[in-house]
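Protein chains in written order, with our numbering: chain A, 1 to 204; chain B, 1001 to 1182.
These are calculated hints, taken from the structure and not from any lab test. A portion of the hints provided could be inaccurate.
List time: in silico DSSO-like cross-link candidates among lysine-lysine, alpha-carbon distance up to 27 Å [unchecked claim]:
| hint | chain 1 | residue 1 | chain 2 | residue 2 |
| --- | --- | --- | --- | --- |
| 1 | A | 96 | B | 1033 |
| 2 | B | 1131 | B | 1041 |
| 3 | B | 1098 | B | 1033 |
| 4 | A | 10 | B | 1120 |
| 5 | B | 1107 | B | 1035 |
| 6 | B | 1146 | A | 96 |
| 7 | B | 1098 | B | 1120 |
| 8 | B | 1041 | B | 1107 |
| 9 | A | 6 | B | 1041 |
| 10 | B | 1040 | A | 96 |
| 11 | B | 1107 | A | 96 |
| 12 | B | 1146 | B | 1162 |
| 13 | A | 96 | B | 1041 |
| 14 | B | 1170 | B | 1131 |
Take a look at the letters that make up each chain.
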Amino acid sequence: MHSFSKNFVKGIVRANPTFILLLGLCPTLAVSTSLDNAVGMTAAFLFVLLSSNIIISLIRNYVPDRVRIPIFIVIIATLVTIVDLMLQGFVPALSKSLGMYIPLIVVNCIILGRAEAFASKNGISDSIADALGMGVGFGLAILLISFIRQLLGTGELDLFGRSLFTIPGLSDNPAAIFMLPMGAFFVIGTLLALFRWMGVSTGE
Amino acid sequence: MRNKKSDFFPVVFLTLIVIISVVALTLTDGITKDKIALAKKEAIAETLATLFPEMNDFTIDEESGLYTPLADGEKLGHAFMATATGYGGAIDILIGLKPDATLRGIKIISQQETPGLGAKIVEGSFLAQFKGLSVDEVDLSADGGKVDAITGATISSAAVVKGVKEEILKKLETLNTEGGRD
């Protein structure tokens, strides 16, 4: 049980996929324009990462070394397509707002990275812990980034159609730059610098 | 034993994985196919209803892409999609025409314009300007038409206007030739 909690916690701070490992930045930059998108992306991402880590950990002793990457990719692509179809069928609104970023989970290097670096070498319970930790770490990171971008970029914060709060003055004349790709780079760069300055760095 | 097989085993294993994937995807497709088709039809009905609120049914002519919204069997006009080329990519626009060929209204279905600038084309204040216009009046004010461009988003505004105008002209041609045959 000790290794379970250790593998879970590591993904959240010490080996946070976004802020420390700097993996999967492309979807993080692209989707972090609203809290809705961040929540939806995290759910889809967590499902794919958890399933792929479980499957790959289960078959890890049989996977021939030479074809391991194609095998991982086929498994991940299958899972992503399942998520994509399910979202289109059951939550079309979310599927529409996440758009092409669902299919792009296939090439999210966090998932392939965890398959290659962790699940293919560790047992199933550790792999589950790793997936949950990495998923939560990714989720917290993308939520933090989209919180800042939505707040500054639109002057108001809303979640699934419910308005949380509005900054008077800013909502009439929002800093639209934060909704643009360059705003994403500003926010993520500033956060990275902040975390380094606070002394959070890779302990591995 | 394993060593002797080692040239062959990876091929078998990869094939096996692919077969399992195909089965899993076929099953998922079977579960979701009807739901997705239904969701798409509902989405169309929902967007048509924003232009034709009194609509309670609609027909689709797949070949020409014309939707005919109906209220208790009576035709309310025509609706169809247009694609304009904006600043950030394709802009999909739903156009609603009254039976007299003036505009009932337009609605942006999807766009990738700059948030905060070009993306304002989805706002009611811009779209409302199209209501009641005849096709000749669909132009930016600067070009003698009746649509005011959004400040800071001239390219996106012009793209919408151009896309709408061209598609209406094209569809009116089809409608007129079809009308002649009736």
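- Straight-line Cα separation of residue 1107 of chain B and residue 1035 of chain B no greater than 27 Å? holds, 25 Å
- Message: Just to be careful, I want the Cα atoms of residue 1098 of chain B and residue 1033 of chain B compared with a cutoff of 27 Å; is the pair within it?
- Response: At roughly 34 Å apart (the allowed maximum being 27 Å), residue 1033 of chain B and residue 1098 of chain B break the hint.
- Message: Would the hint linking residue 1040 of chain B and residue 96 of chain A be met if the CA-CA limit is 27 Å?
- Response: With Cα atoms ~11 Å apart, residue 1040 of chain B and residue 96 of chain A stay inside 27 Å; holds.
- Message: Need the status of pair residue 96 of chain A, residue 1033 of chain B: alpha-carbon distance at most 27 Å?
- Response: holds, 17 Å
- Please work out if residue 96 of chain A and residue 1041 of chain B have their alpha carbons no farther apart than 27 Å. holds, 14 Å
- Message: Given the hinted pair residue 1107 of chain B and residue 96 of chain A, is their Cα-Cα distance within 27 Å?
- Response: Cα-Cα ~16 Å, so holds.
- Assess, step by step, whether the Cα of residue 1146 of chain B is no farther than 27 Å from the Cα of residue 96 of chain A, and give holds or violated. The given pair, whose Cα atoms are some 32 Å apart, is violated under the 27 Å limit.
- Message: Hint check: residue 1098 of chain B vs residue 1120 of chain B, CA-CA at most 27 Å. Holds or violated?
- Response: holds, 25 Å
- Query: Are the Cα atoms of residue 1146 of chain B and residue 1162 of chain B separated by 27 Å or less?
  - Reply: With a Cα-Cα distance of about 13 Å, the restraint between residue 1146 of chain B and residue 1162 of chain B holds, given a limit of 27 Å.
- Query: Is it true that the CA of residue 1131 of chain B sits at most 27 Å from the CA of residue 1041 of chain B?
  - Reply: holds, 25 Å
- For the pair supplied as a hint, residue 1170 of chain B and residue 1131 of chain B, is the alpha-carbon distance within the 27 Å limit? holds, 19 Å
- Measure nothing beyond the straight line between the CA atoms of residue 6 of chain A and residue 1041 of chain B; if it is 27 Å or shorter, mark the hint as holding. violated, 48 Å
This entry does not satisfy hints 3, 4, 6 and 9, going by the numbered hints stated previously.
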